[in-house]
Amino acid sequence: MELHRLLARQLRRLGIDPAQGIGAGQLGALLTRVSATYEEADQDRYLVERSLEISTREMRQLYDELERSSETALASQRDQLRSILDSAAEGIITMNATGHIETFNRAAEKMFGWSAAQVDGRDVSELLIDGFESERASALLAQLIDRSGPGTDTATLEGRRRDGSKFPIEVSASLMRRGEASKYVAIVRDVSERVRLQQALEHQAFHDDLTGLANRALLRDRLDHALARSRRHAATVAVIFADLDGFKMINDTLGHDTGDLLLAEVARRLRYSVRDGDTAARLGGDEFAILLDEATPEEAEAAAHRILDSLREPFSVEGREIFVRSSIGVADNHADALDADELLCRADIAMYAAKARGRDRYEVFEPQMQAELAARHELQSDLRQALRAEELVIHYQPLINLDSGRIESFEALVRWNHPTRGLVGPNDFIPIAEETGLIVPIGRHVLRAACAQLMGWRAGRPDDDELAIGVNVSSQQLHDAHFLADVRDTLRETGLAARHLVLELTESTLLSDTTLVQQRLGALKTLGVRLAIDDFGTGYSSLAYLRTFPVDFLKIDRTFVNEVSRQPDQGRVMVRSIIGLGHNLSLTVIAEGIEDTDQLNELRDAGCNIGQGYLFARPVPPEAASELLEEQSLGVTTR
Amino acid sequence: METATHGWEPGAGWSEPIGALDSDTTVVVAFGDPALRDRTDPVRELFDAYPRSHIVGCSTSGQFRDATLSDGSLIVGAARFESTHVASVHIPIGSADDSFRAGTALARALAHDDLRAVFVVSDGLCVNGSELARGISSVVSEDVVVTGGLAADGDRFDSTWLMIDGGPRSGFVSAIGLSGARVQVGHGSRGGWDKFGPERFVTRSEANVLYELDGRPALEIYRSYLGDLADGLPATALLFPLALRDDFDDDKQLVRTVLAVDEAAQSMTFAGDVPEGSFAQLMHANFDRLVGGASDAAGAAARMVTDRWLPDSHRDTLAIAVSCVGRRLVLGQRVEDEIEAAFDRLPHPSRQVGFYSYGELSPAGDGPCELHNQTMTLTTIAEV
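If you're matching them up, the sequences are chains G and H in order.
Just so we're aligned, residue 1 is where the first sequence starts under the numbering used here, counting upward by one.
Just so we're aligned, residue 1 is where the second sequence starts under the numbering used here, counting upward by one.
Think of the hints as simulated: they come from the structure by calculation, not from any bench.
For each residue, glycine too, the CB sits at the ideal point set by N, CA and C.
Do not take every clue at face value.
To be verified - Covered stretches of chain H (chain G as the covering partner; in silico rule of three or more C-beta atoms under 8 Å from a C-beta of chain G): (1) 191–202; (2) 334–340.
Unchecked claim - Simulated pairs of lysine to aspartate or glutamate, EDC-like, Cα-Cα distance not exceeding 20 Å: (3) H:Lys195 to G:Glu53; (4) G:Lys525 to G:Glu563; (5) H:Lys195 to G:Asp44.
Kindly produce the complete structure, drawing on both the sequences and the hints.
Written out as structure tokens, the structure is:
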């Protein structure tokens with residue numbers, strides 16, 4: 001018989017051997033022990049049951065408390081969350097795993113025009129513009145779904161408001177996983193303003209503020225693209241550079257506001273002169289460029305011509321008529337593979353060539369222009385040096401009274417005694433002087449020297465009161481603010497009477513800005529200085545204006561005089577009508593460039609008052625001019 | 001090493017002649033009924049029989065020899081070493097605040113080049129066992145095995161004593177130090193209690209005095225669980241020891257048992273610290289798990305003194321078992337099941353002596369010595 005371990009021990013303790021039987025005394029002791037064991041078992045069970053019951057109750061209480069507190073906490077958290085979401089400036093939208101809207105904050109309501117209740121449960125793609133955007137939205141969600149962990153992505157999409165209007169939005173979406181459930185949270189920003197600013201900035205970055213034309217950067221970009229296309233399709237790309245002649249003067253004399261208005265008007269004309277696909281750009285100042293994509297060299301030249309013509313038309317700015325001339329350079333990549341820099345550089349060179357060759361014209365790039373330009377640059381720096389080193393000398397050409405045969409006056413003509421090139425003619429350096437502005441100090445130098453020279457001659461000829469001196473005045477000089485003072489000072493310092501000074505101005509100088517020119521001319525007349533219109537007939541021979549200028553002399557351009565020899569009939573008619581015109585306006589008419597006696601005779605017959613030209617004398621140094629005067633006083637007549 | 005055990009019972013006297021193993025290298029451990037404070041002749045006789053030996057002993061909540069528990073008795077275990085240096089020390093301790101210092105003083109007194117083990121017997125009521133263990137561990141090197149137990153007073157928690165100078169004295173800590181290459185000391189400590197109910201936050205406590213759990217008086221919680229048995233406080237609180245965790249993420253667990261209750265302050269005093277901010281959970285016992293724990297503790301202690309290659313080398317082993325009074329209270333008449341279970345796991349031939357205590361000292365895992373509650377803790381001693 002297998003006894004319970006405890007009972008066996010109890011029996012052993014009491015010295016009972018079950019096989020031997022139990023004594024009466026032993027039985028009582030055993031029963032006491034067994035009873036105690038039962039009591040212990042009862043107590044144990046009591047404790048276990050009680051503790052089980054109490055701990056169950058406690059756990060239940062804890063659970064209830066937790067639930068109560070978490071419900072309250074959840075509700076307050078929900079409220080708090082809601083107010084946080086509503087206070088956010090960004091639209092915050094949460095969606096379930098299939099992209100259906102669950103929450104929609106106040107900013108989102110404002111942004112899209114829907115209330116949270118209205119969009120509840122709707123597909124988020126309804127908030128986006130149809131078509132590819134919605135595909136992109138679903139792709140965005142799909143991309144997020146693919147990710148294993150929480151992640152974010154940002155996209156710029158087009159949102160759709162309740163009224164159907166669209167607006168740009170930036171969306172940062174993130175996927176939240178909570179166990180099995182997934183939620184999307186999208187943070188939406190209305191970026192309309194930013195996009196608008198961006199576009200404005202981009203436009204600003206690539207366009208010229210003043211004219212609205214493309215700027216250098218955009219031109220450069222388009223040129224790069226055009227050249228890349230050109231390489232693929234073997235098409236020609238041409239670039240035209242246009243520079244306004246004398247714009248600086250307009251700016252200085254009429255003010256920047258007028259200058260700006262003029263530039264805007266120039267830009268407008270350029271736009272009309274080119275095809276739709278072409279790009280007109282302002283590179284800065286008065287420099288413009290036009291990119292002609294896929295244009296033959298002939299088409300490019302035609303465009304240059306059109307532009308030149310369109311800019312020749314007078315501009316009307318603030319009630320003023322302004323005449324503008326331009327120098328235009330054309331270059332293309334027809335013959336050479338060029339990159340953008342090279343092509344721009346060639347157009348620039350061609351433009352300088354146009355300036356050098358007399359302005360108001362266009363030139364197509366030729367390789368030798370580069371050398372010419374280099375030489376020009378060299379001359380420019382030499383010219384500055386020349387002014388300092390007194391390499392500029394003045395030659396004098398006499399003007400002969402065609403009735404008396406006497407020397408009426410001398411025209412002062414500047415020459416450059418270049419240390420290595422020898423004597424350089426005005427045609428080779430006056431344009432450079434004008435470009436660099438050196439023309440003003442040069443002009444001042446010539447004026448002073450010529451006046452002083454005349455005073456010298458007059459001192460030796462007290463009985464010849466008529467001898468005068470003609471000095472050329474360039475447009476820049478006339479517009480120079482100090483010009484009047486210069487003339488006044490020179491007359492005072494040399495003691496020359498104003499009427500012995502004849503200032504020669506070209507037609508284009510007179511016409512460049514009538515109002516200012518009128519003022520200046522009026523002031524000069526007040527001083528007593530006499531005025532001549534030089535090279536008459538070469539420019540816009542605006543006879544109407546001629547009447548309004550207070551001039552004394554009209555100098556017929558040498559080309560008309562030449563015509564007399566070349567096409568006697570037509571030439572004569574022309575010359576006679578000009579002379580007649582001059583006389584009608586009470587002007588003394590002077591003919592330039594008389595080279596032979598036929599011309600002289602014709603001009604005399606036509607009533608021309610004064611002649612000038614190689615037939616009488618070339619321009620000569622002062623000493624030789626003095627000799628001419630000596631000969632005259634000795635009675636030696638010139639033919 | 002030679003071993004011997006003796007038992008003295010009222011009326012019957014000594015089970016056999018005592019003192020045969022007395023020498024300078026003899027260790028004597030003795031565990032006696034608290035009532036021996038008033039009947040000192042068996043203790044006197046013990047000291048007389050072992051004049052040269054190093055004796056440590058204390059009052060208990062029941063002492064046992066081999067597999068048999070006896071009350072009212074004095075149980076003695078003796079071991080005479082051949083080539084192990086033995087030292088002993090007895091240090092008075094004024095209050096629980098003195099515990100750490102007492103530990104360090106004790107360890108310094110036992111300092112030896114080749115110290116291998118320290119066996120401590122401490123007053124069970126006026127000592128903070130946790131601090132005592134920390135004090136000792138702060139001095140001795142990591143590889144010194146520190147074990148022992150706190151004296152007890154039945155289920156009365158009134159007054160405990162140690163055997164000092166041949167008589168019972170309260171307010172002492174005693175220890176024996178074993179030094180030398182040949183001594184082997186093993187240890188094992190297991191509980192076998194199960195946690196139940198909610199985990200509670202220690203909202204108010206001071207050192208080893210616990211006031212509140214989750215803002216409720218701790219004593220109130222104990223009372224509600226004990227029901228009718230609340231009248232038996234503080235002893236019946238032993239039925240529900242506390243499992244403590246330092247913080248929420250820490251798995252390391254200590255078990256604390258009640259030493260006293262204060263109705264006025266609604267507080268409970270435990271055998272070790274119950275830090276504020278730690279997590280506490282009630283535990284309860286299951287007979288089989290307690291017995292199994294005792295068996296496992298003995299198995300662990302036995303392995304450490306058993307030659308791996310010669311498991312049946314018949315080496316004499318003295319096992320000193322210290323089990324918690326709480327376990328005795330739960331096990332009731334089945335208390336001998338755990339004593340027997342422990343004894344059965346010891347190597348042959350082993351002698352086991354032991355007692356029911358107010359606290360056990362033993363390394364926790366591989367770490368330093370700590371105070372344990374509600375465990376069966378064994379120290380095995382052998383000499384090779």
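Violating hint indices (sorted, rising): Result: hint 4 breaks, nothing else.
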